[in-house]
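J.: Residues per chain are reported as follows:
Protein chains: 2
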Amino acid sequence: MKKIILFLLCIGLSVNGYTQNEDEKQLKEIYNQALTDGKAYDWLNYLSNQIGGRLSGSLQAQEAVEYTKAQLDSLGLDRVWLQPVKVPKWVRGTPEFAYFETSPGLSTNVPICALGGSVATPLQGIKAGVVEVQGIEDLQKLGKAKIEGNIVFYNRPMDPTVISTFASYSGCVDQRYSGAEEAAKYGAVGIIVRSMNLRLDDYPHTGSMSYGDTPVSKRIPAAAISTKGAELLSTTLKLNTEIQFYFKQNCKQFNDVDSFNVIGEIKGSEFPNEIMVVGGHLDSWDLGDGSHDDGAGCVQSMDVLRLLKATGYKPKRTIRAVLFMNEENGLRGGNKYAEVASGKKEKHVFALESDAGGFTPRGFSFDCSDENLKQVHSWKSLFEPYYIHLFEKGYSGADIRPLKSDDMVLAGLRPDSQRYFVHHHAENDTFEHVNERELELGAATMASLVYLFDKYGIVK
Amino acid sequence: MKKIILFLLCIGLSVNGYTQNEDEKQLKEIYNQALTDGKAYDWLNYLSNQIGGRLSGSLQAQEAVEYTKAQLDSLGLDRVWLQPVKVPKWVRGTPEFAYFETSPGLSTNVPICALGGSVATPLQGIKAGVVEVQGIEDLQKLGKAKIEGNIVFYNRPMDPTVISTFASYSGCVDQRYSGAEEAAKYGAVGIIVRSMNLRLDDYPHTGSMSYGDTPVSKRIPAAAISTKGAELLSTTLKLNTEIQFYFKQNCKQFNDVDSFNVIGEIKGSEFPNEIMVVGGHLDSWDLGDGSHDDGAGCVQSMDVLRLLKATGYKPKRTIRAVLFMNEENGLRGGNKYAEVASGKKEKHVFALESDAGGFTPRGFSFDCSDENLKQVHSWKSLFEPYYIHLFEKGYSGADIRPLKSDDMVLAGLRPDSQRYFVHHHAENDTFEHVNERELELGAATMASLVYLFDKYGIVK
Ligand SMILES: [Zn+2]
Ligand SMILES: [Zn+2]
Numbered sequence: 001m002k003k004i005i006l007f008l009l010c011i012g013l014s015v016n017g018y019t020q021n022e023d024e025k026q027l028k029e030i031y032n033q034a035l036t037d038g039k040a041y042d043w044l045n046y047l048s049n050q051i052g053g054r055l056s057g058s059l060q061a062q063e064a065v066e067y068t069k070a071q072l073d074s075l076g077l078d079r080v081w082l083q084p085v086k087v088p089k090w091v092r093g094t095p096e097f098a099y100f101e102t103s104p105g106l107s108t109n110v111p112i113c114a115l116g117g118s119v120a121t122p123l124q125g126i127k128a129g130v131v132e133v134q135g136i137e138d139l140q141k142l143g144k145a146k147i148e149g150n151i152v153f154y155n156r157p158m159d160p161t162v163i164s165t166f167a168s169y170s171g172c173v174d175q176r177y178s179g180a181e182e183a184a185k186y187g188a189v190g191i192i193v194r195s196m197n198l199r200l201d202d203y204p205h206t207g208s209m210s211y212g213d214t215p216v217s218k219r220i221p222a223a224a225i226s227t228k229g230a231e232l233l234s235t236t237l238k239l240n241t242e243i244q245f246y247f248k249q250n251c252k253q254f255n256d257v258d259s260f261n262v263i264g265e266i267k268g269s270e271f272p273n274e275i276m277v278v279g280g281h282l283d284s285w286d287l288g289d290g291s292h293d294d295g296a297g298c299v300q301s302m303d304v305l306r307l308l309k310a311t312g313y314k315p316k317r318t319i320r321a322v323l324f325m326n327e328e329n330g331l332r333g334g335n336k337y338a339e340v341a342s343g344k345k346e347k348h349v350f351a352l353e354s355d356a357g358g359f360t361p362r363g364f365s366f367d368c369s370d371e372n373l374k375q376v377h378s379w380k381s382l383f384e385p386y387y388i389h390l391f392e393k394g395y396s397g398a399d400i401r402p403l404k405s406d407d408m409v410l411a412g413l414r415p416d417s418q419r420y421f422v423h424h425h426a427e428n429d430t431f432e433h434v435n436e437r438e439l440e441l442g443a444a445t446m447a448s449l450v451y452l453f454d455k456y457g458i459v460k
Numbered sequence: 001m002k003k004i005i006l007f008l009l010c011i012g013l014s015v016n017g018y019t020q021n022e023d024e025k026q027l028k029e030i031y032n033q034a035l036t037d038g039k040a041y042d043w044l045n046y047l048s049n050q051i052g053g054r055l056s057g058s059l060q061a062q063e064a065v066e067y068t069k070a071q072l073d074s075l076g077l078d079r080v081w082l083q084p085v086k087v088p089k090w091v092r093g094t095p096e097f098a099y100f101e102t103s104p105g106l107s108t109n110v111p112i113c114a115l116g117g118s119v120a121t122p123l124q125g126i127k128a129g130v131v132e133v134q135g136i137e138d139l140q141k142l143g144k145a146k147i148e149g150n151i152v153f154y155n156r157p158m159d160p161t162v163i164s165t166f167a168s169y170s171g172c173v174d175q176r177y178s179g180a181e182e183a184a185k186y187g188a189v190g191i192i193v194r195s196m197n198l199r200l201d202d203y204p205h206t207g208s209m210s211y212g213d214t215p216v217s218k219r220i221p222a223a224a225i226s227t228k229g230a231e232l233l234s235t236t237l238k239l240n241t242e243i244q245f246y247f248k249q250n251c252k253q254f255n256d257v258d259s260f261n262v263i264g265e266i267k268g269s270e271f272p273n274e275i276m277v278v279g280g281h282l283d284s285w286d287l288g289d290g291s292h293d294d295g296a297g298c299v300q301s302m303d304v305l306r307l308l309k310a311t312g313y314k315p316k317r318t319i320r321a322v323l324f325m326n327e328e329n330g331l332r333g334g335n336k337y338a339e340v341a342s343g344k345k346e347k348h349v350f351a352l353e354s355d356a357g358g359f360t361p362r363g364f365s366f367d368c369s370d371e372n373l374k375q376v377h378s379w380k381s382l383f384e385p386y387y388i389h390l391f392e393k394g395y396s397g398a399d400i401r402p403l404k405s406d407d408m409v410l411a412g413l414r415p416d417s418q419r420y421f422v423h424h425h426a427e428n429d430t431f432e433h434v435n436e437r438e439l440e441l442g443a444a445t446m447a448s449l450v451y452l453f454d455k456y457g458i459v460k
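Chains as they are written, first to last, in the working numbering: chain D, 1 to 460; chain S, 1 to 460.
Extracted from the complex, chain D is given alone in its bound form (with noise of 0.2 Å):
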């Protein structure tokens, strides 16, 4: 009895040990391809260089569309595939113009741009007193009095001693989101918002903004100043608060036009009906060219097919690499995937989603259930080599996350977030500040954990 016990015992270390080896081998091919002959920053060299800002329903989200589909295609997949969805079209219109007047005839300017959404000021654009508050919660305290037929400026910065900038991020936004419909209650005439960065500087960040159920006429221009030029105006305020601030800007919201997620898959040798997503977002702002928020999270994702079929992979589940449209303003992308899987009744077991920049990747934070979680520590040592060394349970991603289930995992990948918020909706996220090895870890990362989740499965 106690040879049988040894026996199996040996056995049983055996396999362990050869499983072992052959995922540290897997992994290691994952990242040599990816690292060697990857193919993501060629990819987005093109998306960023070629097509440029990619804002839903413009010309150059359909080129993305185009471009990524016949990448796609050229990848030898089972299935590639556009999937309608309306998307809303915002046009910013011509570039934004802003001072403040310290005295009748001395101006100086300040750098902004409209929110994401926002309306047109009047043709001859908005003059009026400047009310700076520290968030939403201040204009209650100032009263009608104080803030009708003035600007309300949102000067809130971000907190820099939260270490995750996302955090950070969190804490702000919503001055951005629901400012105008806050100020509009209390009769402001605009809203002026500082920019969601860290980092001092001439770039103002755009980013989505609501007016809620605010009636149309009652809603009020909204647009964020460069983190300098809050600065400026803040000091000079300080000093005299009877300044003048301007600002014209004619943006506007078009009807809903035509536009598609773009979608490849790997079919399952196994389980071809249990689904892995893995995604990002194909649509980005318009002021620079999307490079890290999101084209990253896009070529990463098409990464991860390739890098699987490369290494010899194949996949028991089918793995989808989905390039979500729309995620800036209107998640339409991701709520039209939802729709449609949830309509045929498809078997989603996994998510996951790159959407936090092109950099260093540290780990992922999870949407699962504990004993999921406990899966993906036991698999902690694998990720070692790789300084992967995150794994928490956290926000997953916005495309992924109307997919949810009870018995699914959502996952996101962390990189390093420190630099993220200097490029963030702004006109310097541009390709060269894309690090190709720091984009092809990252899919690397995403490539392994899919392969790992696929070979191991999803714990019910």
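In case anyone wonders, no lab produced these hints; they're calculated from the structure.
Just so it is clear, the structure is predicted and the values come from calculations on it, not from any experiment.
Note that the Cβ used here is the ideal one computed from N, Cα and C, for glycine as well.
The hints are all genuine.
Computed beta-carbon distance windows for the label pairs: (1) Glu-346/D <-> Lys-374/S: 49 to 55 Å; (2) Gly-394/D <-> Asp-406/S: 43 to 49 Å; (3) Val-459/S <-> Gly-76/D: 54 to 60 Å; (4) Thr-102/S <-> Asp-202/D: 43 to 49 Å; (5) Gly-76/D <-> Leu-106/S: 40 to 46 Å; (6) Ser-74/S <-> Glu-371/D: 52 to 58 Å; (7) Pro-84/D <-> Thr-236/S: 49 to 55 Å; (8) Tyr-456/S <-> Pro-272/D: 54 to 60 Å; (9) Leu-200/S <-> Gly-76/D: 26 to 32 Å; (10) Ser-378/D <-> Glu-231/S: 41 to 47 Å; (11) Tyr-456/S <-> Glu-371/D: 36 to 42 Å.
Please build the complex by placing chain S with the ligands on the supplied structure of chain D, with the hints as guidance.
T.: This is chain S with the ligands only, laid out in the frame that chain D set:
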């Protein structure tokens, strides 16, 4: 008895609990102070943009000595002083120039720069055939017959599949350091080395080289070629082995000159004779402004002292920031510091160097006993909120290594390494490539380790 044990256990737990909380609080204060009121970035701005590249023996190196001394003086430390050290003085001269000729009159320029310490070419330059090799070991295979009278072109690239780029660098740097000495033995008239850079671009990367004991009359000029230049030259050679390569440089080695290490000190309150060093090197190469290599390490080390003071921590041991002179082409500063310490019988118990760029810190490598590494591992959870996760045995730093003794702890800061060799020793090692938060997180991480080793001591 049981009650007493229980009582003692409770005391023990509460003392531990309290201590852990105190450490958590101290680290939080250090990081907060660095991220909200850090001085490292401003100092680096001055070093990089007002002074610039600080090659040993140059006017800029002397200016850097004076500037950093004045800044340390302003911190209210217990003592700030200059430690004299003779340094070599090598000067690049006028810009280098190179081209290759595929046929007479048909030439293509390529970007090169002299390696530090190289001799000049003759005034009219050198023109010769090119022999491409993948490393020093190829020379013997080719032999004198094929090498004599030619220029040896060392073209082994850094291995992209190695995740730590420093390991990849180590695998190539022998070509640069000893390439000329070895090729001269086979009658080569000059050498051209592929730049130590994982990216393909147009910047040649300089760095130190040695002629070993080659007599002066037999020394041949050595230059680095940009990675794109190397690819072009290699491709052209495959089509036409007969091409002629021309290069010209008029660099020169002068006699040694006077310089200094810059040292600031906080006297220990309990064990003033136990010395802890934190440092970087103040000299740099001359092509860029030496922001990452190693302006970053200098200003971080200075900020460690300031952070400890600003958070109200009174060290038990004596803490010194040492800005070493001449790491790049001589290590005279590091050797001098160790020599003086030994002469004065100073007891150094700890030394930490930051010389791997001002990128997001990931942890430290330690050259110390297992017991001390175990102690470090007991602090892991304190560093987790800051995403500091690497605590491995390994290399510390060139300048502090001469201090090494069996009962001291040597450590090196380990920042993310993916972008380091894009900038290292090249014209694009400049201030705009340093992110303020990443730099500050490094300083805070260093200060935290110094705090913990000061508080808990070195394990004997
Ligand atoms: Zn995004
Ligand atoms: Zn260095």
